[in-house]
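Asker: In order, the protein sequence lines correspond to chains A and B. Quick note on our numbering: the first sequence kicks off at 1 and runs consecutively. Quick note on our numbering: the second sequence kicks off at 1001 and runs consecutively.
Treat the hints as calculated values from the structure; they're not laboratory data. These figures come from a predicted structure and were not determined experimentally. Check before you lean on any hint, since a few could be wrong.
[What the hints assert, rightly or not] Just the calculated beta-carbon pair ranges, DEER-fashion:
no.: 1; chain 1: A; residue 1: Gln45; chain 2: B; residue 2: Lys1071; range: 19 to 25 Å
no.: 2; chain 1: B; residue 1: Asn1028; chain 2: A; residue 2: Gln42; range: 44 to 50 Å
no.: 3; chain 1: B; residue 1: Asp1054; chain 2: A; residue 2: Ser12; range: 22 to 28 Å
no.: 4; chain 1: B; residue 1: Thr1114; chain 2: A; residue 2: Gln45; range: 29 to 35 Å
no.: 5; chain 1: A; residue 1: Phe14; chain 2: B; residue 2: Lys1014; range: 27 to 33 Å
[As the list claims (entries may be wrong)] Under the rule of at most 20 Å between Cα atoms (straight-line distance), these lysine to any residue pairs were calculated in the SDA-like manner:
no.: 6; chain 1: B; residue 1: Lys1057; chain 2: A; residue 2: Tyr39
no.: 7; chain 1: A; residue 1: Lys73; chain 2: A; residue 2: Arg41
no.: 8; chain 1: B; residue 1: Lys1057; chain 2: A; residue 2: Lys9
no.: 9; chain 1: B; residue 1: Lys1009; chain 2: A; residue 2: Lys9
no.: 10; chain 1: A; residue 1: Lys22; chain 2: B; residue 2: Lys1057
no.: 11; chain 1: A; residue 1: Lys9; chain 2: B; residue 2: Gln1037
Think of the CB as a built atom: it goes at the ideal place given N, C-alpha and C, for glycine as much as any other residue.
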Amino acid sequence: AQRVTQPEKLLSVFKGAPVELKCNYSYSGSPELFWYVQYSRQRLQLLLRHISRESIKGFTADLNKGETSFHLKKPFAQEEDSAMYYCALSGRANFGNEKLTFGTGTRLTIIP
Amino acid sequence: DGGITQSPKYLFRKEGQNVTLSCEQNLNHDAMYWYRQDPGQGLRLIYYSQIVNDFQKGDIAEGYSVSREKKESFPLTVTSAQKNPTAFYLCASSQPKGQGYEQYFGPGTRLTVT
Chain A
1 AQRVTQPEKL LSVFKGAPVE LKCNYSYSGS PELFWYVQYS RQRLQLLLRH ISRESIKGFT
61 ADLNKGETSF HLKKPFAQEE DSAMYYCALS GRANFGNEKL TFGTGTRLTI IP
Chain B
1001 DGGITQSPKY LFRKEGQNVT LSCEQNLNHD AMYWYRQDPG QGLRLIYYSQ IVNDFQKGDI
1061 AEGYSVSREK KESFPLTVTS AQKNPTAFYL CASSQPKGQG YEQYFGPGTR LTVT
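All chains should be modelled from the sequences, with the hints used to inform the complete structure.
Answerer: Laid out in structure tokens, this is it:
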């Protein structure tokens, strides 16, 4: 069974301060992890995936297999980062299309 | 902002009635998914389909049914057997992993059953 845990439902951070949204997972195989974001009145969309090892909008996330974590980080928060963030894990389904297991989400609020 | 459309945006039904939510995509994606989003519970997978005329149960399929007769369409029926149907429903689609894996989401349908 696969499971994704986001321990913080709400997180408030001052503008310019560092941000870290926590994500822990449970999966018996080799995981693929993602962060999805939902801005106010917008659709849920992919922010970044661990296999790309990229930085999007200043956010990065490193997969730590030892700690089974995939925390999302940004060194300096901006007001436009306020949104709902979901961590997700893909599990192998039939034919190669993975289905995603989502965490419960963290609502990030940036305080001006 | 095309890609995936869901209709209607808001839907109201009386308890005991079946209701069908529409999901259409013009991205030529093979796979489509239905999720339910409840406060504090994140997104939970209801059904998914990886190819036309085939679909699989997700984690919370009880009380729901789907069909996939066309590649671009994946309607979800919320039946009277679903105990807590009031929720926000999201549809998504994706290509197979080898072509770049990302799920694209629709705007959602908020269903209220009274």
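Asker: For each hint given before, does the structure comply? Return the numbers of the non-compliant ones in rising order.
Answerer: Checked against the structure, the hints that fail are numbers 2, 3, 5, 6, 7, 8, 9 and 10, while the rest are satisfied.
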